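Listed in order, the protein sequences are those of chains R and L. Counting in this note's numbering, the final residue of the first sequence is number 591, and the numbers go up one at a time with none missing. Counting in this note's numbering, the final residue of the second sequence is number 975, and the numbers go up one at a time with none missing.
Derived by calculation from the structure, the hints in this document are not laboratory data. Predicted model only: the values in this text are computed from it and were never measured. Think of the CB as a built atom: it goes at the ideal place given N, C-alpha and C, for glycine as much as any other residue. The hints are all genuine.
Ranges between beta-carbon positions, derived for each pair:
1. L:G786 / R:L590: 24 to 34 Å
2. R:G565 / L:M518: 35 to 45 Å
3. R:G565 / L:L974: 55 to 65 Å
4. R:E583 / L:D790: 29 to 39 Å
5. R:E516 / L:D794: 23 to 33 Å
6. R:E583 / L:R585: 34 to 44 Å
7. R:K404 / L:T687: 50 to 60 Å
Under the rule of at most 30 Å between Cα atoms (straight-line distance), these lysine-lysine pairs were calculated in the DSSO-like manner:
8. L:K767 / R:K584
9. L:K677 / R:K564
10. R:K489 / L:K677
11. R:K584 / L:K525
12. L:K677 / R:K584
13. L:K525 / L:K767
14. L:K677 / R:K404
15. R:K430 / L:K597
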Amino acid sequence: MPAPVKKVEGRMAPLDLADVDTDQIIPKQFLKRIERTGYGPFLFYDWRRRGNFVLDRPEYAGASVLVAGANFGCGSSREHAPWALRDFGFKAIIAPSFADIFRANCYKTGLLAVTLPESQVRHLMDLVSEDPTVQVVVDLEAQKVRGDGFEYRFEIDPFAREMLLKGLDEISLVERHSDEIAAYEKNRAAWLS
Amino acid sequence: MAATLAQKIWDAHVVRSSQGEPDLLFVDLHLVHEVTSPQAFEGLRLAGRHVRRPDLTVATMDHNVPTRGGVRSADELSRKQMEVLEENCERAGIPLHKIGSRRQGIVHVIGPELGLTQPGMLIVCGDSHTSTHGAFGALAFGIGTSEVEIVLATQCLPQKRQGDLAVNVTGSLPLGVTAKDIVLGLIGRTGTSAGQGHLVEYRGETIRGLSMEGRMTICNMSIEWGAKAGMVAPDDTTFSYVQGRAHAPKGEAWEKALDYWRTLSTDEGAHFDGQIDLDASALEPHVTWGTTPGQVVPVTGRVPSPHSETDERALRYMDLKPGVALQEIAIDRVFIGSCTNARLEDLRAAASVIQGRRVHPKVRAMVVPGSTSVKIAAEKEGLDEVFKAAGFEWRNAGCSMCLGMNPDILAPGERCASTSNRNFEGRQGSGGRTHLMSPPMAAAAALTGHLVDVRELI
Numbered sequence: 399m400p401a402p403v404k405k406v407e408g409r410m411a412p413l414d415l416a417d418v419d420t421d422q423i424i425p426k427q428f429l430k431r432i433e434r435t436g437y438g439p440f441l442f443y444d445w446r447r448r449g450n451f452v453l454d455r456p457e458y459a460g461a462s463v464l465v466a467g468a469n470f471g472c473g474s475s476r477e478h479a480p481w482a483l484r485d486f487g488f489k490a491i492i493a494p495s496f497a498d499i500f501r502a503n504c505y506k507t508g509l510l511a512v513t514l515p516e517s518q519v520r521h522l523m524d525l526v527s528e529d530p531t532v533q534v535v536v537d538l539e540a541q542k543v544r545g546d547g548f549e550y551r552f553e554i555d556p557f558a559r560e561m562l563l564k565g566l567d568e569i570s571l572v573e574r575h576s577d578e579i580a581a582y583e584k585n586r587a588a589w590l591s
Numbered sequence: 518m519a520a521t522l523a524q525k526i527w528d529a530h531v532v533r534s535s536q537g538e539p540d541l542l543f544v545d546l547h548l549v550h551e552v553t554s555p556q557a558f559e560g561l562r563l564a565g566r567h568v569r570r571p572d573l574t575v576a577t578m579d580h581n582v583p584t585r586g587g588v589r590s591a592d593e594l595s596r597k598q599m600e601v602l603e604e605n606c607e608r609a610g611i612p613l614h615k616i617g618s619r620r621q622g623i624v625h626v627i628g629p630e631l632g633l634t635q636p637g638m639l640i641v642c643g644d645s646h647t648s649t650h651g652a653f654g655a656l657a658f659g660i661g662t663s664e665v666e667i668v669l670a671t672q673c674l675p676q677k678r679q680g681d682l683a684v685n686v687t688g689s690l691p692l693g694v695t696a697k698d699i700v701l702g703l704i705g706r707t708g709t710s711a712g713q714g715h716l717v718e719y720r721g722e723t724i725r726g727l728s729m730e731g732r733m734t735i736c737n738m739s740i741e742w743g744a745k746a747g748m749v750a751p752d753d754t755t756f757s758y759v760q761g762r763a764h765a766p767k768g769e770a771w772e773k774a775l776d777y778w779r780t781l782s783t784d785e786g787a788h789f790d791g792q793i794d795l796d797a798s799a800l801e802p803h804v805t806w807g808t809t810p811g812q813v814v815p816v817t818g819r820v821p822s823p824h825s826e827t828d829e830r831a832l833r834y835m836d837l838k839p840g841v842a843l844q845e846i847a848i849d850r851v852f853i854g855s856c857t858n859a860r861l862e863d864l865r866a867a868a869s870v871i872q873g874r875r876v877h878p879k880v881r882a883m884v885v886p887g888s889t890s891v892k893i894a895a896e897k898e899g900l901d902e903v904f905k906a907a908g909f910e911w912r913n914a915g916c917s918m919c920l921g922m923n924p925d926i927l928a929p930g931e932r933c934a935s936t937s938n939r940n941f942e943g944r945q946g947s948g949g950r951t952h953l954m955s956p957p958m959a960a961a962a963a964l965t966g967h968l969v970d971v972r973e974l975i
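Kindly produce the complete structure, drawing on both the sequences and the hints.
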């Protein structure tokens with residue numbers, strides 16, 4: 399059963415780029431593993447290998463909130479992307495928008511994918527670029543991103559929020575409706591077998 | 518009430534609907550491959566669960582299969598992944614088209630060609646290009662591994678209803694302009710995220726006039742502009758494609774299915790949240806210049822000036838300067854393949870450009886058929902001879918250099934004219950540079966050694 403996620407508190411790391419795709423987050427050569435964990439060292443592998451990558455700067459070490467550009471997580475559906483972000487130490491990602499599959503994968507992984515308007519994300523980006531030690535709270539219960547002198551409300555699908563807050567196992571939830579599934583199965587068209 | 522095609526299919530799959538919860542949808546077809554499934558099977562095992570409907574699940578090996586030399590030429594980890602898939606399928610009783618089988622191939626190519634993909638179905642797969650199957654008037658979308666596990670265990674998936682978008686394409690496609698150019702042109706206009714949170718229906722006379730292959734190419738790339746799914750209402754083109762295929766309904770069942778399938782179109786007056794109009798007659802062949810599919814221009818154009826940090830980064834990565842004519846860009850490699858453009862029609866279109874000509878001496882070009890069946894059919898027509906005589910490598914089926922999980926990769930700095938779907942940094946090999954285009958355009962580039970307007974060669 400996934401652990402409940404209520405609140406993430408910590409420092410931020412900025413990744414000021416739009417359209418960061420899951421091929422960058424975790425390149426394909428690391429999708430050959432059959433485990434669900436252990437992807438952290440390979441997060442943004444190519445970018446980090448080229449040197450001077452923002453996440454490798456000592457001031458951002460240990461950050462738990464990634465602040466990113468629009469359309470974060472686009473491309474491949476690989477859930478290895480949120481696994482890698484989680485394994486690296488991130489517990490929340492704040493961006494102006496996320497690719498649909500990536501966001502769904504984040505929730506399943508227990509990663510808070512939080513959407514804020516572009517201007518507020520820009521503020522966080524500027525804030526952390528000026529002072530990497532700045533603390534932030536991503537409060538799922540209150541649906542707020544808080545820090546010294548600011549408080550931003552975010553919207554999130556209420557069901558996803560509930561799942562995260564309670565750490566519910568989605569399969570168990572669906573299994574509760576086994577009778578309805580069986581009833582549906584009985585009525586399917588014959589050609590669908 | 519007037520309903521969209523998407524709404525009709527959605528409604529037909531609702532197992533349970535409750536206020537404040539996502540709808541619980543039944544999955545008619547769950548396609549599985551070696552890369553995004555092992556953790557899902559493992560999850561089931563750890564929880565003591567079993568696969569609820571192995572009969573509605575079909576697996577293939579595609580992402581990391583070598584395209585020559587068979588399974589033994591795969592690296593150890595890829596082999597392990599294939600073995601694990603085989604074990605998992607055996608244990609669960611899931612049919613598997615493994616490497617070496619005549620039915621093996623890219624999951625989004627074999628679904629349609631085996632007749633598994635049918636109108637009105639809800640289809641999922643742990644792969645973002647699952648939207649391909651929407652070409653049949655199915656609701657089809659990619660899911661992550663946790664969702665794969667949910668579907669394996671329950672054959673259902675909780676889903677929140679997305680919005681509806683219409684893309685209306687009118688006008689005749691000019692000579693040398695293909696379905697790929699429709700979708701690249703569309704993404705160039707909308708950007709990479711305009712489809713987010715939406716089910717897209719491609720409509721209009723141009724779409725109606727496309728073959729199933731062309732419709733699949735367009736639906737395939739729905740995800741590249743952020744859409745959850747892309748679909749085309751089924752019509753006689755769809756029905757004649759499906760009829761007679763291995764898993765298609767037969768006899769009386771066919772007639773019944775057909776009656777139902779004919780109801781699958783958007784009602785007059787149904788509401789869309791937005792509509793995008795595209796004039797196909799004004800389209801030119803398109804080529805990407807950057808590192809997202811949205812960074813795309815007509816081949817007659819020039820590399821544009823950057824408008825953002827993301828653009829500047831793309832130019833640096835692609836080693837291109839603003840203002841350079843696209844047709845001056847020399848290439849090293851050509852890849853004709855992928856779930857976007859490696860069906861028989863695509864290979865025919867490329868071969869017709871290549872016929873009797875030679876690949877430029879500085880170019881290494883390869884064709885990777887989308888499936889073993891496509892390969893066999895192409896060989897029957899002698900297409901392999903056309904490609905080989907021109908200097909192309911003729912390979913076995915798989916995803917291959919679309920994502921470079923197998924040994925087919927670009928070397929750092931190499932520039933590739935590719936019929937695939939993503940030009941992301943390193944997608945085809947770390948440091949490799951990808952230009953996306955149609956099969957005839959890639960074929961033309963192979964002959965000339967640079968990006969070129971195929972219309973000059975036909």
